[in-house]
Amino acid sequence: SQTIHQWPATLVQPVGSPLSLECTVEGTSNPNLYWYRQAAGRGLQLLFYSVGIGQISSEVPQNLSASRPQDRQFILSSKKLLLSDSGFYLCAWSHTGGDTEAFFGQGTRLTVV
Amino acid sequence: TQLLEQSPQFLSIQEGENLTVYCNSSSVFSSLQWYRQEPGEGPVLLVTVVTGGEVKKLKRLTFQFGDARKDSSLHITAAQPGDTGLYLCAGAFYSGYALNFGKGTSLLVTP
Numbered sequence: 001s002q003t004i005h006q007w008p009a010t011l012v013q014p015v016g017s018p019l020s021l022e023c024t025v026e027g028t029s030n031p032n033l034y035w036y037r038q039a040a041g042r043g044l045q046l047l048f049y050s051v052g053i054g055q056i057s058s059e060v061p062q063n064l065s066a067s068r069p070q071d072r073q074f075i076l077s078s079k080k081l082l083l084s085d086s087g088f089y090l091c092a093w094s095h096t097g098g099d100t101e102a103f104f105g106q107g108t109r110l111t112v113v
Numbered sequence: 114t115q116l117l118e119q120s121p122q123f124l125s126i127q128e129g130e131n132l133t134v135y136c137n138s139s140s141v142f143s144s145l146q147w148y149r150q151e152p153g154e155g156p157v158l159l160v161t162v163v164t165g166g167e168v169k170k171l172k173r174l175t176f177q178f179g180d181a182r183k184d185s186s187l188h189i190t191a192a193q194p195g196d197t198g199l200y201l202c203a204g205a206f207y208s209g210y211a212l213n214f215g216k217g218t219s220l221l222v223t224p
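Same order as they appear, the protein sequences are chains Z and L. Numbering follows my numbering, with no gaps: position 30 of the first sequence is 30. To get my numbering, take the position in the second sequence, counting from 1, and add 113.
Everything labelled a hint here was simulated from the structure, so no lab data went into it. Computed from a prediction, not measured in an experiment: that's the story for all the values here. There could be a bad hint or two in this list.
What the hints assert, rightly or not - Straight-line distance between alpha carbons at most 20 Å, and here's what the computed SDA-like set of lysine to any residue pairs gives:
1. Lys170(L) <-> Gln62(Z)
2. Lys183(L) <-> Glu101(Z)
3. Lys79(Z) <-> Thr100(Z)
4. Lys169(L) <-> Thr100(Z)
5. Lys183(L) <-> Lys79(Z)
6. Lys169(L) <-> Pro8(Z)
7. Lys183(L) <-> Gly43(Z)
8. Lys80(Z) <-> Pro8(Z)
9. Lys183(L) <-> Glu154(L)
Claimed, not checked - Covered stretches of chain Z (in silico footprint by chain L; criterion: 3 or more residues with CB under 8 Å from a CB of chain L, positions within the stretch not fixed):
10. 49-58
11. 103-111
Where a beta carbon is used, it is the ideal one built from N, C-alpha and C, also for glycine.
Let's have the full structure, built from the sequences with the hints guiding it.
Below, the structure is given as structure tokens:
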């Protein structure tokens, strides 16, 4: 069966510090991978998606970047965090293009102080 | 631009009551999904509807996809405290790579 791992679960970082959130998927190959951000108790904003190694599409210009160094690994990064980067970050995967269900990780609660 | 509008945004009811939440759009989707999310966790898929007019039932939950594939509803019969959570709808386009999520309906069911 397929599983998705996302870590860390919580993170408190000072303004101006770097960020690296990692997500890995097991049990499937060539998944589509996604990073979403969620404001407190509200909907999901798509940040990045990837259909293959090294292929990253950005939906919203911001202080963040994403990379996919391996087929089942997706990394969200920032060189210098801003207060506005605080939020709940969710990694997800799907089998193919957007017609199919998304399976989410447990999320990372990021607080920038 | 918010493609999917969900209503109501918040709903607080007592155990045993029925409720309906809505997901509306001016766009036509190839499929629409409903997720439930509990605090501090990722959303979990409840159902996918594909055909216009389709109705799916999951125990006390009934999902309907509009005939024109632009909207959907979720009806819960005899709500229980375990139904508490954020209900998100998400639409997929034929040519799109990622789901488009609504802002969700936050449901609280009190004993």
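Hint-by-hint comparison with the structure:
no.	hint	in the structure
1	Lys170(L) <-> Gln62(Z)	violated (40 Å)
2	Lys183(L) <-> Glu101(Z)	holds (18 Å)
3	Lys79(Z) <-> Thr100(Z)	violated (33 Å)
4	Lys169(L) <-> Thr100(Z)	holds (17 Å)
5	Lys183(L) <-> Lys79(Z)	violated (40 Å)
6	Lys169(L) <-> Pro8(Z)	violated (36 Å)
7	Lys183(L) <-> Gly43(Z)	holds (19 Å)
8	Lys80(Z) <-> Pro8(Z)	holds (18 Å)
9	Lys183(L) <-> Glu154(L)	violated (28 Å)
10	49-58	holds (count 3)
11	103-111	holds (count 6)
Hints 1, 3, 5, 6, 9 from the earlier list are contradicted by this structure; the remaining hints agree with it.
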